[in-house]
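Participant: Below are the chains, spelled out letter by letter.
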Amino acid sequence: MLSPLHKQLLNDYQQNFPISATPYQDIADALGVTEADVLSAFSELNDNNFISRIGPVIPPNHIGVSALVAISVPESQLQAVADKISAYPEVNHNYEREHRFNLWFVVIASDAEHLSAVIDSIEQETSYKAMLLPMLDDFFIDLGFKLDLNND
Amino acid sequence: MIDSRDRQLLEHIQLGLPVCSRPYLEIGRLCDMPETEVIERLTRLKQQGLIKRMGVIVKHRQLGYRANAMIVWNVPDNLVKQLGGHISRFSFVTLCYQRPRQPEWPYNLYCMIHGKDKATVLNQLEQIVEACGLSSFDKEILFSSRCFKQRGALYQNTALADG
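Chains L and W supply the protein sequences, listed in that same order.
In terms of this note's numbering, the first sequence has 44 at position 44, counting the first letter as 1, and numbering is strictly consecutive.
In terms of this note's numbering, the second sequence has 16 at position 16, counting the first letter as 1, and numbering is strictly consecutive.
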C-alpha cells in the first residue's frame with residue numbers, strides 16, 4: 001500500500017518542509033526522484049486520507065485562545081450531545097474517552113470573551129456543565145511523529 | 001509579532017498547502033500577496049517560533065495508530081515544569097501540557113500517547129513513569145474511543161479578525 005517514497009514523505013517531511021518557490025522539486029532533488037513523483041505521491045497520501053494536510057502547526061494561544069473542555073454525559077445521550085457540540089465552528093477535536101468525563105473537545109476562539117460565550121452557549125444548549133481546562137504551559141517540542149511503517 | 005498580513009496568510013495556509021509546482025504562489029494569490037512575500041513571512045514566523053513546525057500533518061488512526069491515550073497526573077505544582085520537560089522528550093509522546101486543577105479534577109499535568117494498540121501504549125506509559133519517577137503520583141489514563149470531529153487547529157475568520 002505505502003511505497004518507500006510514501007514512507008519517506010510521511011516520516012521525513014513532518015518538519016522542515018521546504019519554504020521555497022518550488023518545495024516539491026526541492027524534496028524530489030533530496031530524494032533522487034522527479035517532482036512529478038513527489039506530487040503524485042502526496043496526492044495519493046491525500047486521497048487515501050493518510051495525511052490531514054501539509055501546513056504550519058501554530059502553537060496554542062498565539063493566535064486566539066483555546067481550551068480543552070470535558071463533559072460527563074450519559075451514554076444514551078452521548079451521540080446527540082456530541083453532534084450538537086461538533087456543529088460549533090469553534091470546536092475542533094471532539095472525542096469520546098473511556099471515563100466518567102466521557103466527552104472531550106477543544107474550543108478555539110478569538111479572545112477570552114468569545115471563548116466563554118461559546119462555552120455558555122454549549123452549556124445552555126446541552127444542559128450539561130462544562131469543565132474548562134485551558135492550557136497553562138506547553139512543554140512539548142513538536143518535531144512531528146516518528147511513524148513505524150515497516151509492517152505495512 | 002504577528003501582524004494582520006501574517007494572520008491573513010496563516011488563515012489560508014493552515015487549510016493546507018496545494019500539491020502543485022508553485023504552492024506558495026497559489027497561497028499568495030488567495031491573499032493577494034506576491035510569492036516572495038509569502039515565503040519571507042513564513043520563514044520569519046518559523047524562525048520566531050510562531051510556526052512550531054511546517055510540514056506533513058499525519059492522520060494517526062489511518063496509519064495504524066489506533067490507540068490514543070490522554071494521561072493526566074496530579075503532581076506538585078513546583079515539579080510540573082521539570083516533569084513536563086522530561087515527559088515530552090519521549091518520541092511517542094505527542095502533546096504535553098500543564099492545565100489548571102478543577103474541583104472534581106485534581107490533575108495538572110497532561111500528556112498524550114499515540115500507539116498501534118492499547119498494550120503498546122500502556123507499555124510506553126510504564127517507561128515514562130519509571131524514567132521520570134512518576135509512580136507515586138495519582139494518574140488516570142483516558143483512552144479515546146469514538147472520534148466525533150477531528151480537524152487540525154483551525155483559526156476561524158472571526159478568530160483572526162481582532163484577536
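If you are wondering where the hints come from, they were derived from the structure by calculation, not from laboratory data.
Please read these numbers as outputs of a predicted model, since none were measured by experiment.
In this text, a Cβ means the ideal position worked out from N, Cα and C, and glycines have one as well.
Don't take each hint at face value.
Taking lysine-lysine and the BS3-like style, the derived pairs with C-alpha atoms no more than 27 Å apart in a straight line are [what the hints assert, rightly or not]:
no. : chain 1 : residue 1 : chain 2 : residue 2
1   : L       : Lys146    : L       : Lys84
2   : W       : Lys118    : W       : Lys139
3   : W       : Lys139    : L       : Lys84
4   : W       : Lys149    : W       : Lys59
5   : L       : Lys84     : W       : Lys52
6   : W       : Lys116    : W       : Lys46
7   : W       : Lys59     : W       : Lys46
8   : W       : Lys81     : W       : Lys52
9   : W       : Lys139    : W       : Lys46
10  : W       : Lys59     : L       : Lys146
11  : W       : Lys116    : L       : Lys129
12  : W       : Lys46     : L       : Lys129
13  : W       : Lys149    : L       : Lys146
14  : W       : Lys149    : W       : Lys118
15  : L       : Lys7      : L       : Lys129
16  : W       : Lys149    : L       : Lys84
17  : L       : Lys129    : W       : Lys149
18  : L       : Lys146    : W       : Lys139
19  : W       : Lys116    : W       : Lys59
20  : L       : Lys7      : W       : Lys52
21  : W       : Lys139    : L       : Lys7
22  : W       : Lys139    : W       : Lys116
23  : L       : Lys7      : W       : Lys118
24  : W       : Lys81     : L       : Lys146
25  : W       : Lys81     : L       : Lys7
26  : W       : Lys149    : W       : Lys81
27  : W       : Lys81     : W       : Lys46
28  : W       : Lys46     : W       : Lys118
29  : L       : Lys146    : W       : Lys52
30  : W       : Lys149    : W       : Lys116
31  : L       : Lys84     : W       : Lys46
32  : W       : Lys118    : L       : Lys146
Here are some of the chain L residues that sit facing chain W, going by a computed Cβ distance under 10 Å [as the list claims (entries may be wrong)]:
no. : residue
33  : Leu78
34  : Ile85
35  : Ile119
36  : Ser127
Participant: Against this structure, judge whether each hint is valid.
Facilitator: Evaluation of the provided hints:
no.	hint	result
1	Lys146(L) <-> Lys84(L)	violated, 35 Å
2	Lys118(W) <-> Lys139(W)	holds, 17 Å
3	Lys139(W) <-> Lys84(L)	violated, 30 Å
4	Lys149(W) <-> Lys59(W)	holds, 13 Å
5	Lys84(L) <-> Lys52(W)	violated, 31 Å
6	Lys116(W) <-> Lys46(W)	violated, 31 Å
7	Lys59(W) <-> Lys46(W)	holds, 23 Å
8	Lys81(W) <-> Lys52(W)	holds, 19 Å
9	Lys139(W) <-> Lys46(W)	violated, 35 Å
10	Lys59(W) <-> Lys146(L)	holds, 12 Å
11	Lys116(W) <-> Lys129(L)	violated, 33 Å
12	Lys46(W) <-> Lys129(L)	violated, 38 Å
13	Lys149(W) <-> Lys146(L)	holds, 24 Å
14	Lys149(W) <-> Lys118(W)	holds, 21 Å
15	Lys7(L) <-> Lys129(L)	violated, 44 Å
16	Lys149(W) <-> Lys84(L)	holds, 11 Å
17	Lys129(L) <-> Lys149(W)	holds, 20 Å
18	Lys146(L) <-> Lys139(W)	holds, 26 Å
19	Lys116(W) <-> Lys59(W)	holds, 13 Å
20	Lys7(L) <-> Lys52(W)	holds, 22 Å
21	Lys139(W) <-> Lys7(L)	violated, 35 Å
22	Lys139(W) <-> Lys116(W)	holds, 22 Å
23	Lys7(L) <-> Lys118(W)	holds, 24 Å
24	Lys81(W) <-> Lys146(L)	holds, 24 Å
25	Lys81(W) <-> Lys7(L)	violated, 35 Å
26	Lys149(W) <-> Lys81(W)	violated, 31 Å
27	Lys81(W) <-> Lys46(W)	holds, 24 Å
28	Lys46(W) <-> Lys118(W)	violated, 35 Å
29	Lys146(L) <-> Lys52(W)	holds, 17 Å
30	Lys149(W) <-> Lys116(W)	holds, 21 Å
31	Lys84(L) <-> Lys46(W)	violated, 36 Å
32	Lys118(W) <-> Lys146(L)	holds, 18 Å
33	Leu78	holds, 8 Å
34	Ile85	holds, 8 Å
35	Ile119	violated, 13 Å
36	Ser127	violated, 18 Å
In this structure, the earlier hints numbered 1, 3, 5, 6, 9, 11, 12, 15, 21, 25, 26, 28, 31, 35 and 36 are contradicted, and the remaining ones agree with it.
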